[in-house]
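Top to bottom, those sequences are chains A and B.
Note that numbering that gives the first Met the number 0 has the first sequence beginning at 0, numbered continuously upward.
Note that numbering that gives the first Met the number 0 has the second sequence beginning at 0, numbered continuously upward.
Fair warning: there could be bad hints in the mix.
Lysine to any residue pairs mimicking SDA-like chemistry, simulated, CA-CA at most 20 Å apart [what the hints assert, rightly or not]:
hint : chain 1 : residue 1 : chain 2 : residue 2
1    : B       : K367      : B       : G111
2    : B       : K39       : A       : L142
3    : B       : K235      : A       : L105
4    : B       : K266      : A       : N130
5    : B       : K39       : A       : A145
6    : B       : K367      : B       : D40
These are computed hints drawn from the structure, not numbers from a lab.
Since the model is a prediction, treat every value here as computed from it, not as a measurement.
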Amino acid sequence: MAKRFALALLLAAALAIAAAYASAFLPGGAPAWAPWPMALGIPAALVAVMVLGASRGGRVGRLAIPFAFSGLVLGGGFALALALPATEAPGAALYLGLPLRAAVVLYGIGLFPIVVLPIAYALTFSEQTLNAEDIERVRLAGLEWARGRDAGAPPRPAAPRPSTAEAIPAVPGART
Amino acid sequence: MSQTLSGGVQHPAIIAVAIGYFVVVAAISVWATRRTKTAKDFFVAGHGIGLVALTVASVSTSVSGFAFIGGPGLIYTIGLGAMYIVLPASVTNVMGAWVLAKRMRLLGEARGLMTIPDAIGARYRSPAAQGLSGVAILIGILGYMATNALAMGVVIDAIFGVGLGWGIWMGMGVTLAYSVAGGILAGIYVDVFQGTLMAAASVLVFLAVLKVGGGLTGISTSILDHDPAFLSPWGKITPLAALSFFFVFGMGSLGQPQGVHKYYMLKDPLQLRWYPLLKTLGLILVLLLYFGVGVGVKSLVARGALAPLSAPDAATPTFLLRFTPVLLAALVFSGVAAATMSAVNSFINIAAAVVTHDLPIALGRKPKNELAWGRISTAVLAVAAAGLAQLSGSMVAFLGIFGWGLFACTLVPALAIGLNWEGATKEGAIASIATGLAVTLSFETLNYFKLYSFPTGVTVSGLSLVLSILVFFGVSWLTRARAQAGIDPDVRLVMSV
Numbered sequence: 000m001a002k003r004f005a006l007a008l009l010l011a012a013a014l015a016i017a018a019a020y021a022s023a024f025l026p027g028g029a030p031a032w033a034p035w036p037m038a039l040g041i042p043a044a045l046v047a048v049m050v051l052g053a054s055r056g057g058r059v060g061r062l063a064i065p066f067a068f069s070g071l072v073l074g075g076g077f078a079l080a081l082a083l084p085a086t087e088a089p090g091a092a093l094y095l096g097l098p099l100r101a102a103v104v105l106y107g108i109g110l111f112p113i114v115v116l117p118i119a120y121a122l123t124f125s126e127q128t129l130n131a132e133d134i135e136r137v138r139l140a141g142l143e144w145a146r147g148r149d150a151g152a153p154p155r156p157a158a159p160r161p162s163t164a165e166a167i168p169a170v171p172g173a174r175t
Numbered sequence: 000m001s002q003t004l005s006g007g008v009q010h011p012a013i014i015a016v017a018i019g020y021f022v023v024v025a026a027i028s029v030w031a032t033r034r035t036k037t038a039k040d041f042f043v044a045g046h047g048i049g050l051v052a053l054t055v056a057s058v059s060t061s062v063s064g065f066a067f068i069g070g071p072g073l074i075y076t077i078g079l080g081a082m083y084i085v086l087p088a089s090v091t092n093v094m095g096a097w098v099l100a101k102r103m104r105l106l107g108e109a110r111g112l113m114t115i116p117d118a119i120g121a122r123y124r125s126p127a128a129q130g131l132s133g134v135a136i137l138i139g140i141l142g143y144m145a146t147n148a149l150a151m152g153v154v155i156d157a158i159f160g161v162g163l164g165w166g167i168w169m170g171m172g173v174t175l176a177y178s179v180a181g182g183i184l185a186g187i188y189v190d191v192f193q194g195t196l197m198a199a200a201s202v203l204v205f206l207a208v209l210k211v212g213g214g215l216t217g218i219s220t221s222i223l224d225h226d227p228a229f230l231s232p233w234g235k236i237t238p239l240a241a242l243s244f245f246f247v248f249g250m251g252s253l254g255q256p257q258g259v260h261k262y263y264m265l266k267d268p269l270q271l272r273w274y275p276l277l278k279t280l281g282l283i284l285v286l287l288l289y290f291g292v293g294v295g296v297k298s299l300v301a302r303g304a305l306a307p308l309s310a311p312d313a314a315t316p317t318f319l320l321r322f323t324p325v326l327l328a329a330l331v332f333s334g335v336a337a338a339t340m341s342a343v344n345s346f347i348n349i350a351a352a353v354v355t356h357d358l359p360i361a362l363g364r365k366p367k368n369e370l371a372w373g374r375i376s377t378a379v380l381a382v383a384a385a386g387l388a389q390l391s392g393s394m395v396a397f398l399g400i401f402g403w404g405l406f407a408c409t410l411v412p413a414l415a416i417g418l419n420w421e422g423a424t425k426e427g428a429i430a431s432i433a434t435g436l437a438v439t440l441s442f443e444t445l446n447y448f449k450l451y452s453f454p455t456g457v458t459v460s461g462l463s464l465v466l467s468i469l470v471f472f473g474v475s476w477l478t479r480a481r482a483q484a485g486i487d488p489d490v491r492l493v494m495s496v
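Isolated chain B, as found in the complex (with noise of 0.2 Å):
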């Protein structure tokens, strides 16, 4: 019998252990807020966040629970073609650190930037520019906080069985004492935590894969035997769909704001070094419950040693209750508690940093006491954000779908090629977040209400966001002959070393 996380998952070694995960947020949270004296500490902790506690933070961050619940029942479901979602981690890390990186930390050292608006308006001397991608980022940050918030509160009602709604409001109130009392660096220390542990448990339960399914070779044997397709290059999609993933999820990583506002963070810009290679390595750890227990779980299907799922998102939650220790599912479930705790105080941090600082910039205003303002700004958002999860679940699911793409082409163009292209212009930089954001929402929502959707094949995401490049490169060109004068000298610097 499959069981689904909102089947109930209640056992005392689990609640024991989640309950253990809230204490040493708490204790986390207490410790970072005797540090959280100023705006900086609370928005980038102070420029000051070391080379491994940055790296964990930032894979801890990269997964969500979509890693351990979602993403293995996709691949359960779809095959192979899944695994286009997560394969291009091989590049992006790397990629992120040549394009943005150093240029984002060093704007940081120049100028004490904060938030990602901040370097597109620095970069294009635009406040117009600024306040436009941070409105694309609040609009992409309520629909990912949506999901998260009622994610959190599937997996807390899984684990102790309290119901969705209280789920919910006891997840978002401990993710927003932690991220109004100690901002981001309780964030980043709480996914310091959590992103451990979810490697460690990662690690095991894709042995007790390994274990249970006979080796990699006894896994595809018995898939080969019932569902050839599966195992295809593409899965059970079509080719053009699977490097669409791959498109999407490699070059629209660069436009995370999760990922890339971390860059500000880092202590020591030398230390940018090291950086990808640990964060790929990291990632790899995580990501091998994802591939594992999706291909593990379709192998123990195929050879009837358990029942086809009711569910996809059942995969997880099955193979941990059948075939491993109740302690590693214990710290699986927490895992994934806590995985969309730190997403929702990643996402309300930066959106709290839009609304305070970026937003009124863009509105010739000087932002004053962000400090205060920002730890009432994100008690706001957290209550808007549980509220808006109380919707009914394809709403919550609608506003989680474009969260991804929105952020890739509104600002994979205007941020990652500009800060590198000193021929783009602010012209450029509005049109594609403009094209990137009205592409995105009208498309979005006409297939959301079922009247009009793409071919197979073609993601709105994927064509919003090649769109919105080619828009970026095409005014650009047409107002060239203003492109070199709109760069400040200190910023000039910063593109050319």
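Just chain A, with the same shape it has in the complex (with noise of 0.2 Å):
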């Protein structure tokens, strides 16, 4: 459920992105709203391929939470660079040392995702992203693979199946 819906986000956010390039070659150049499916499709685009890689037996479990957050600290600051109106003139208000837009775009984007994707990360690592008895598994599937190429007839590959969490026994302590 995961991983479709991550390749439906990724090419919807590929499409949208080549949308944002191809009006560019519009006659008068990119029209004013070209930023914006580039804005909203770059997000989404890193949001799916993040949901793709953690994605583990069709689920990202807890880690919906910091994708969610991602996608709309990113979406939600270059939407707030492309819609405030620019106030960067002498005697501007500074937030933390910058006009406000460059403050969203330099902290929000730049430092926010920071604070919360490497710490989901290590914190959810042994139940979502690997654990010793997945190396174990994988380890002997490779000495099965060595096998039968030494034997001559590398095994055949698996047949189509209908689900990852189906095919692959669960162990203890992984979700699939």
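The two chains are supplied separately, each in an independent frame; assemble them into the complex guided by the hints.
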């Protein structure tokens, strides 16, 4: 489910980014709306590939929250930078040393995700990413593949199957 | 008066620190040579690098000399728009960890893979896809190495005053010595040494910028009084162009071989838990100089404390020589030289692996004596890159331009998406790599010869990346009947955990 969502989101994001680029080839150059599909497509694409990579057994579990947060921060940051009126002028109010829109981009997009994503990755690592049982299963599968290769008959590729969760036996501590 | 590197920065302290750098590099390479006994040692450090060493080395390879010289100059020229090159770092390291790190490392565990094309070949059971991705990597590396060899020559000439040609050969000679002898192991530990010093120097320079500029508030106030557009969220470029930077340097990070290749080297895969956090923090420290010097010098020029720069690349040398102690300036200059060497080492190693390992496999031959051939290829590639760097500056710049974009559009779909999507097919992978190669090479060439260029805001790298992703999806969908049958059981397991 999560993978299907991620693939659909990634495809939609790529089409949005392609549309933004294509609009620049129109007579008269890029229209005023051109940055918007790019501003929304980029965060969608980045979140989509993260979901694709983190999905396990079709789920992302607790990671759904940091992924949603990151999408909102990136998309919201770009949207604010595009939508807020320009206030950069002599005597403008500064926020942590920067004009408002620059502060939104540098602190919001540049720093907020750092506080959330790597920590979410570390905290969910054993359940969602990798544990000792996973490594052992992969080692065994690799050995079996090597035995088949050395015997001159590499193991046949697995037949198509309905879902990852059904084909890969679950192990303790892994969300499959 | 502004100070470019080509104007020379010879000073006894700077020369002494640079010589000290080279002595340490030599010592590390002697140590690494004694530990390099097999091709696996040479190309992936025997899958035996610890977390901290790998993180620091990865940070060091990620930034290269651009972060210290070209980057601040770019900010000085186009304002905050140049930040969109480094802003994606808030996401890219953890994204790479989720999308690639685990799967690459587990492929190394299951099959003892050593190269990125290896992973593509195993994923699609396709020597053709492996060979084509190897060719794409070789072409991209050719440009990157020539550019870095030229940069190395410029910095060494600036420090020692030996002339550009000798600078290139001296730098390449040192790099070659430790690359041939110690392989990637020497490169990793040179990177650790260099990355640690770069991070320390970057923080110190940033603090000096804040002190000279009156804090970030003082810096912003000066700039807003004279050039408000500089501090707009897009700087002096269009929103489309700035966002295009973010796309190419964000999504494109998943296809950079110098970063992705390092995933194979981690000793214990479970140490990946802390890798994204440590690497992101390290990158922030190193990139403080990029942002600080760029806006700091602009502020100094705005308030009349510095004359306008003669060239953007003068930003860092001018600030260091005018406003910091000479020892700190020496550290940064030596760090830039070491950064270019580290980039060359990393790329040479990857290219040598393609030549001695991936291309023979793609041609149906079994690689033999890879350690010896790896060393020979390394030497040949280094000499070729140094020779190429002696060509005209504009030709070398042209070769360097498309490196990042070419890696992105040829490797992101086939490798990053393909390792996470069982529906991808080898036909989709081959078509996307071919699309990336064709679009990038043809339009960059047309642009270089001024025959055709894209409209403002559209970059060849951005357009080719999005096109190759769409082609990958489209062709995989058209050939979807063969998708599930084309994956070996162990690779399927790696893609599932």
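Comparing the hints with the structure gives:
no., hint, verdict
1, B/K367 x B/G111, "16 Å, holds"
2, B/K39 x A/L142, "18 Å, holds"
3, B/K235 x A/L105, "16 Å, holds"
4, B/K266 x A/N130, "15 Å, holds"
5, B/K39 x A/A145, "17 Å, holds"
6, B/K367 x B/D40, "15 Å, holds"
Of the numbered hints stated above, none is contradicted by the structure.
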